[in-house]
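Peer 1: Sequence:
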Amino acid sequence: MYDRIHISDVWLEPDPSWVVDSAGTPWVFNGQTYDAAKALDGDTGTFWNPQGTDRNYNNWYIVLDLTAPHTITRVAVNNYGDTDHDIAAFTLQKSQGGSPYNWEDVVTVTNVQGGTDQRQEFGEFQGTARYWRFLITETYWGWQPWLRELDFYGVTMGFSVRAQSYAYDDPGFLDGPYGETTYIVVDGQKSKIDEGLKRGHQVFVLNEQTGQVVNKADFDTYGDAEAATKMEAFLGNVAQGRIIVVVVHDSGEQAGGQSSLAPYGSTVTRLGHRESYAMITKKGPKPSWFVEKRSALRAGPTIVEAFIPTGR
1 MYDRIHISDV WLEPDPSWVV DSAGTPWVFN GQTYDAAKAL DGDTGTFWNP QGTDRNYNNW
61 YIVLDLTAPH TITRVAVNNY GDTDHDIAAF TLQKSQGGSP YNWEDVVTVT NVQGGTDQRQ
121 EFGEFQGTAR YWRFLITETY WGWQPWLREL DFYGVTMGFS VRAQSYAYDD PGFLDGPYGE
181 TTYIVVDGQK SKIDEGLKRG HQVFVLNEQT GQVVNKADFD TYGDAEAATK MEAFLGNVAQ
241 GRIIVVVVHD SGEQAGGQSS LAPYGSTVTR LGHRESYAMI TKKGPKPSWF VEKRSALRAG
301 PTIVEAFIPT GR
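Going by full-length UniProt numbering, the residue at position 224 of the sequence shown is 224; the numbering climbs one at a time, nothing skipped.
What the hints contain is simulated information worked out from the structure, not anything from laboratory work. Don't take every hint at face value.
As a list, the in silico DMTMM-like pairs of lysine to aspartate or glutamate whose alpha-carbon atoms are at most 20 Å apart [claimed, not checked]: (1) Lys198 x Glu253; (2) Lys283 x Asp41; (3) Lys198 x Asp187; (4) Lys286 x Glu253.
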């Protein structure tokens, strides 16, 4: 069954649409609006800059609607990196209702480091709610905060994916029927290519909410000169948000095979002779749980795993 959704502790995939309210007026520069959503866009090159508040205002906030109750146990922040605007202290609050809010303190942190834009994580707390408020109570020089990123770690629902790639010279490749050693497993349910040559890049497309395999295909990126183009077209037709799992069977060393995966987060540009390879990703922005791995000749099989949060 593909409805075996389970619960796991993960860093939640940030979503700018969670922001429903924030302090101040967003700074606008060169057509770019630096609103609170910029702190949840997964891009440390953007930041929240609330204008229109006095120095030492010490009440800057972002209100979030996570759309469903989540149990949060850690929070991470990326300061801008200049002490004028870096956060020094904050309180994380929760509310069980949204109309009106009834804010309760969950944790207060007073030791946020300034002068760095590196990620800082804070834990040793737990709270469960749908609505959250990140309340900044102090910056290093009293000016409004410039916050690059805000992340939450907690309990969420989702499904697990395991992908296994076997190349021809990997130990055990010839121990069974050809094509049986390369496959994926979604929450305990195995899926593989059942027909065709099976050699080269195998692509599985999963429903992002249930994990169900909605499509799969193989592309002979060893012997077919058109395989890379065919795979690129296949991936181009995958719906936004779908989960994409790629495994190489036997060999997939043809030029263009790996480069077709670059738009989906891959940094491996080409495989060597009979190298195994596996990747789990998503159609759209590169997810935080993205994983890929390659193994050298005779060093496989290659196995990767990921937990795909569904947020429901």
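Peer 1: Lys198 and Asp187 were given as a pair; does the straight-line alpha-carbon distance stay at or below 20 Å?
Peer 2: Violated. Lys198 to Asp187 sits at ~23 Å, over the 20 Å cutoff.
Peer 1: Can the restraint linking Lys198 and Glu253 be considered satisfied, given a maximum Cα separation of 20 Å?
Peer 2: Given that 20 Å is the threshold and the Cα spacing comes to 14 Å, the pair holds.
Peer 1: Does Glu253 lie within 20 Å of Lys286 when you go C-alpha to C-alpha?
Peer 2: violated, 24 Å
Peer 1: For the pair supplied as a hint, Lys283 and Asp41, confirm whether the alpha-carbon distance does not exceed 20 Å.
Peer 2: holds, 16 Å
Going down the numbered hints, you'll see the structure goes against 3 and 4, while the others check out.
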